[in-house]
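Taken in order, these protein sequences are the chains called A and B.
Here the first sequence is numbered in my numbering, starting from 509 and rising by one per residue.
Here the second sequence is numbered in my numbering, starting from 9 and rising by one per residue.
It should be emphasised that the hints constitute simulated quantities derived from the structure, not laboratory data.
Honestly, I wouldn't trust all of these hints.
Said to hold, decoys possible - Listed next, the in silico SDA-like pairs over lysine to any residue satisfying Cα-Cα at most 25 Å (straight line):
id: 1; chain 1: A; residue 1: K558; chain 2: B; residue 2: A322
id: 2; chain 1: B; residue 1: K51; chain 2: A; residue 2: K558
id: 3; chain 1: B; residue 1: K431; chain 2: B; residue 2: K51
id: 4; chain 1: A; residue 1: K558; chain 2: B; residue 2: K383
Unchecked claim - Here are a few chain B residues that sit away from chain A, every Cβ distance over 12 Å (derived from the structure):
id: 5; residue: L75
id: 6; residue: D158
id: 7; residue: A161
id: 8; residue: F197
id: 9; residue: L243
id: 10; residue: L290
id: 11; residue: I370
Claimed, not checked - To give an idea of the interface, some chain A residues facing chain B are shown, with a C-beta separation under 8 Å as derived from the structure:
id: 12; residue: I534
id: 13; residue: I557
id: 14; residue: A561
id: 15; residue: Q603
id: 16; residue: L671
id: 17; residue: L696
id: 18; residue: L706
id: 19; residue: K744
id: 20; residue: Q748
Since the model is a prediction, treat every value here as computed from it, not as a measurement.
Glycine is no exception: its CB is placed at the ideal position from the N, C-alpha and C atoms.
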Amino acid sequence: MKLLNLIFVAVFLMGCSDPEAVDEVIVYTSVDQHYSEPLFEQFQRDTGIKVRAVYDVEANKTTGLVNRIISERKRPKADVFWNGEYSQTMLLAVQGLLEAYYSPQAERALWLDPLNRWTAFGGRIRVLIINPEALGDNPMPDSIFDLGDDRWPADKVALALPLFGTTATHAASLWSHLGPSAAIDYFLRLKVRGIQFLDGNSVVRDKVVSGDIWFGLTDSDDACVAAVSGKPITIKYPDQQSDGMGTLVIPNSVALISGGPNTANGRTFIDYLLGKESEDLLSRMGWFHVVAGKINASHDCPLPQQIRIHTATPAEIYPSVGTSRAFLRELLLR
Amino acid sequence: MIFGQTRFPAIVATIVVAGLVCAPLLVLCMELLWTADSINLGKAWPGTRGGLLLFESFFFSLCVTILGLMVAIPAASLLMDVTGYSGQLLRLLAIAPVTVPPFLHAMAWQRLLESIGASTQGFAVTFAVEAAARLPLLLAAVLIGLHFVDPRARNAALIYAGRARTFFSITLPQARPAIIAGACMTMVFSLNEYGLPALFQRHTYALEIFAEYSVSGSSVDTLLVALPLVLLSILFAVIAIRALSSLPSPVAIGSSGQTLLAGPWLYDLLRTLAVAVAFSPLLVLLWGAVALITGSGAAPISMTGFAAMADSAAIALAATIMAVPCAWLLAENLHRHRLPVLWLVVLIGIALPASLSGAGSIRLWSWIGGELMYKGWGLPLAGMLVGLIPLATLLLYAVIRNSDHLPWDAARVYHSGPILWWKIRLFQIWPGVIGAFFLLFALSLPELELSLLLSPPGFSAVGIRIFNYLHYGAHEQVAYLILLLLLVSLLLGGTIYQMIRYQVRLDYREREGYNKP
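Here chain B stands alone, though its shape is the one from the complex:
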């Protein structure tokens, strides 16, 4: 058990964290039971129109994910082949747009399409733009997956087979768990997205949830309408968990990349084209931002914009710092005890739409009477943790499960308690911890829905500020904020990437040392 032999505090802490994650849903379910007489339970059944909308949303998200993977896999394979600092910089630049909300990606693409006279309507355009917006996340998942590939297997295969064959028969199968997990999370995010498709006049089931909210003003009714989407999200989260369970050990991160040997011309051409497409989200965002700024001659970003960015960064940082240890606790318990109830907690946290978890959080803390929670960041922090802890738990569970247990078991012969935890476990899962830190910070920085529901009065969130600017036409201010988001993403991503490389290189060298006679 984590925390050495001290089981009781760990059990209590686990229960508290699990309660924090699933309490908002439990509160809504309790309200549903209390008001069951006046609630139309039939709303949980989507009916013909709702069912078709749900199917279309599912099909749309599936197309987005498949198209994204078709670009991300060849692009990542080529990006991994570029060695040195230039390779690191290229990989970072390609995944930097992950912090920019999909709606802003869509606006930049729409502007570009309009400027060249292309259509901005229809299924093909919408799913291509959504795929572009999701591409940085998918690319990050594939890059992580390729980091887990054992170079010894790849090098051995290269003796007998060409580069393309080796990639498809040796490299890709080893990277598959991370790729599947990334694809499933992309499906979950895409299923819950309504703004980007709506901008291109495609409606998704997620918009149905807002329509219900708008008409009824009832969170319970909305929960019922959202139930099919929640169940679909749970399904994909389960697939992601199963995939992560078979992730190999990250022995290859410390090794240098491959040299750029020539492969079959078609293979290299496809990879080059994929890299060009993979950079399109960044290039389109930069083009849109620079065109707006230079075209308008607008003043630099306003102080209120900076204040919003600083406030959001502070709360995202606080949420991340709190979420990662909580996730670590859950991940350790999942690894050691495999309690189904803990898996349920994780799945609920991933699948529950932010608007519902926000409504549940408000009710929960109103009932508990946590007045202090309302004064500062307490409520938004608690709300953010509901979604962030399960995501980080998935990542850390995969790392813990696949770490080398021999050092841990050996050290336990002599030690127990915090030293074991600090000296051994943290060293083993360090890449997962800082990876989770980056992922959570990137997702929570531009967050909108929870900010609207839970931000304390007087708080200025960057997500709210961006959409306010959009509404009254201050697009150049939005452009500055996009550039700022990209910069934050690059700086944070760069720092974390270097830490991962440094730490796992040490780990790799140690493993190599074990193997020496």
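Pulled out of the complex, with its shape left as it was, chain A reads as follows:
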């Protein structure tokens, strides 16, 4: 029995042991490991500060890390939250979990929180991903409103379930831009028409690549993965007409967690992340498609260089996030 107790305690202590105590920063990130890991390695090389990262995944509806930070509020473990979009970061700000920090690099940012609790930078674009072969002689879509147009069969048109991630933010932007009444009409139209609401933007991409879906709405990083690997798809920015509302840019956001264990290193990391070197690296890898309001051309993705950007700011969009999700949950989760 004593032997069993010894084994039991040894296994537990082995699990609890501190791997190594070093100069470090703990970063929670919802940015794909594929893109964020090389940046962490470069940061470590340049500054000597070790990055210990925790990642999120799309399959968990991007709720994992935010809930982890909220659960850890009594004893924060993260120094920095680097988010692939901004609405969840703003939720943390509203809950009082972020510390104000104005980075010297903040002038490069796309948007700043008035209270400096978060910085929005870089960015992906909401795009139409089209399979021209599957589309055949049918007209080429050029607007998000084409998803609700009967010129295309409903079962050949898709977008991700607009309750989570960037699609939820996009839905909130429609609430903000069109007004609740028009936005509700739009989504009712999509629902009644019977278009496909899929389980994430990468699933929309995969379905379009396979030809099962003719076109769909997704993020530029998802579409570019397919384009760069030679898949037969076309990428278009929606609503680029002179009177169109433009397409939504979803910036990354970064914030300092209040009371984190390595706040000074957290600030250093934020400065580094907002800097030119990081911007170049993330642009080359294909994570940033918009830099300083212009299309990034430093990677292989065939994105059109001319773009008309939807003008709503995160501060204008965020108040609609709750109401839009509440309505869409009632409409779509059935």
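Fit chain B to the given chain A structure using the hints.
Relative to the frame of chain A, chain B by itself:
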């Protein structure tokens, strides 16, 4: 009492283990009470839409389980008839996909359906694919159930009745407890699944929980929304426990399988078809993986993929090694004292969704101030134990309850303390211990939700790695990881199966020896 006469340490240990399992829920409940003024308790009532969604989820899971059983029972009956190493290998291959997450099963099936131009939408397709993904677990439950069938009763029945009649009137009733328990656990897992149905555009009540999380960011609100699902899960866990209470002694494992006598042609045809379907999860996964790898000409699995697999295997192993003794302790206490509060602990552990137990674990250890827990594997280990201990407890309780108590009581006349425990009890419940070991390891290896919430910074879990690969389109890397998961499952399953066979064959021979004049 376990540990011989030393009652006090056993009582303390039991309280500690029970506390470990239900503490996360208690923490969330305490928070609920503290914030009761600002919480909308009405969220616990699902309303019309939520109620319909819950009913549909229940109906969906029920269909999945019934369809799975319709395949698993005839398939297992034929697989049990195949003797020797080929039979063992076939049974192992059929249950090997149990380690692959359902979402990956779904992706492989979706790819197959698309390649043949079949529909990938609708209730029928979704529930057929989910049934296929759950089939390995159900098949394992039925195979375990058939192992408990007394061959003497079967052989006696065969003198008077045909094979089909004997199977339905003698074999199946004896295997029923394990089959019911397996079906109930499949119901619990299926009710809490959201990824696979969502891939086929079916929404389940489990997705409602994430929608609440996403909007409110509140674990307490989410707990209220999850309450109907938790209660349903508890109901099925209770049925599983009641079924396991009537499990017969495992006297038949040591006996050789039946010879392949011809039965009614329809009976044999159905069984053959069922076996073909039972292998479909493995074949579809292999087809998907091989097609991706050969089609892309991709490099073999990356070092980061291997590192993630090694990290996850290490933590799954540690969690399993810790969970099984804890479960044994609870199972012994349940068997001897039948304390309702311990049953409640087990039920809570089974029914609480992983995301909520993770959130509760973080709050708990933040309050306790266990800084050490955050440095290494402490927190994910503690979180995993919440779900793993109750599952293993169920299994071990069934084995302990149905073991022969005569040797134990006889030995207690002369001995007490650890020797009794090692020499007698471990020998009696060895199959349950190693069975629990396999089950827990298989479930915790590809785990995703707790890994996201509780993994220490810098830790690379294979579940997270798989979904990261999927997101940026590196499907071939996912294919390699699936093959690796299947290999781990086969190696571990093979080793454990041999150990069970060896041990219980000894047990069987000893029993036969007792019966000799």
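Outcome of the hint check:
no.: 1; hint: A:K558 x B:A322; verdict: holds (23 Å)
no.: 2; hint: B:K51 x A:K558; verdict: violated (43 Å)
no.: 3; hint: B:K431 x B:K51; verdict: violated (53 Å)
no.: 4; hint: A:K558 x B:K383; verdict: holds (15 Å)
no.: 5; hint: L75; verdict: holds (22 Å)
no.: 6; hint: D158; verdict: holds (33 Å)
no.: 7; hint: A161; verdict: holds (38 Å)
no.: 8; hint: F197; verdict: holds (16 Å)
no.: 9; hint: L243; verdict: holds (23 Å)
no.: 10; hint: L290; verdict: holds (23 Å)
no.: 11; hint: I370; verdict: violated (4 Å)
no.: 12; hint: I534; verdict: holds (5 Å)
no.: 13; hint: I557; verdict: violated (13 Å)
no.: 14; hint: A561; verdict: holds (6 Å)
no.: 15; hint: Q603; verdict: holds (7 Å)
no.: 16; hint: L671; verdict: holds (5 Å)
no.: 17; hint: L696; verdict: violated (15 Å)
no.: 18; hint: L706; verdict: holds (7 Å)
no.: 19; hint: K744; verdict: violated (20 Å)
no.: 20; hint: Q748; verdict: violated (26 Å)
Consistency with the previously given hints fails for numbers 2, 3, 11, 13, 17, 19, 20, ordered from lowest to highest.
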